[in-house]
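Asker: Sequence:
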Amino acid sequence: MNEMIVRAARKFCVPGMLFLVCLSQTSIAQESNTDIDVADSGDIAAAEPAASSTSEEIDEIVVLGAHSLTLLRQEIIVAEDEFFDLYNELNDDDRFDIICETRRPIGTRIRVRECKAKFVRDAEVDAMQDALMMNDSPANVTAQPIRASKKDYRILEEKLKTLAVENPELQEALMDYDNISKKYAQEREKKFE
2 MNEMIVRAAR
12 KFCVPGMLFL
22 VCLSQTSIAQ
32 ESNTDIDVAD
42 SGDIAAAEPA
52 ASSTSEEIDE
62 IVVLGAHSLT
72 LLRQEIIVAE
82 DEFFDLYNEL
92 NDDDRFDIIC
102 ETRRPIGTRI
112 RVRECKAKFV
122 RDAEVDAMQD
132 ALMMNDSPAN
142 VTAQPIRASK
152 KDYRILEEKL
162 KTLAVENPEL
172 QEALMDYDNI
182 SKKYAQEREK
192 KFE
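Numbering (the working numbering), first residue to last: 2 to 194.
Incorrect hints may have been included.
[Claimed, not checked] Here are the simulated distance ranges between beta carbons:
1. K151 - A186: 22 to 32 Å
2. K184 - D94: 32 to 42 Å
3. N136 - I78: 35 to 45 Å
4. M176 - D94: 22 to 32 Å
It is worth saying that the hints were derived from the structure and are not from the lab. The beta carbon of each residue, even a glycine, is placed where N, CA and C say it ideally should be.
My request is simple: use the sequences and hints to build the entire structure.
Answerer: Here it is, written out as structure tokens:
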């Protein structure tokens, strides 16, 4: 049975599963080595572990290590969401709200996280509708960059700067995001040097 678990772990390539298998094998080995004395009457309540197994200490495994890159990426997403949520609350013009979503671009199965202002998303929707009305392929529209107004981008940049300066909570959220991003970049550089 233990071989089946190991084969399943290799098949699915889940490192965490291998760790759990190792722990469960250790646990099973400890349980099978424990001798239990049962009274002649067959009373299970009278069963006690043998003296030799109670004097042994249980091994404890402690794993100390840095954050994995996956966990750091998740922290970046959380920090980014906190910043944009707070910014969207403080922002008075909904066109300049920033919305993050995870989607699969056409032609791939790899999910991509994108954060865009509403005015950019609106420009993309308009371009898609225009392409459909002209009988153009939607794939051609998504392959070309959608250009929103430069004026809107400048307004968005000014709003972000002004609100970050005026609101210490937003500034702190931005600093948290920046610190986690830097930590991720450092860890990634160490790992792939």
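Asker: Of the numbered hints stated previously, which ones are contradicted by the structure, given in increasing order?
Answerer: none
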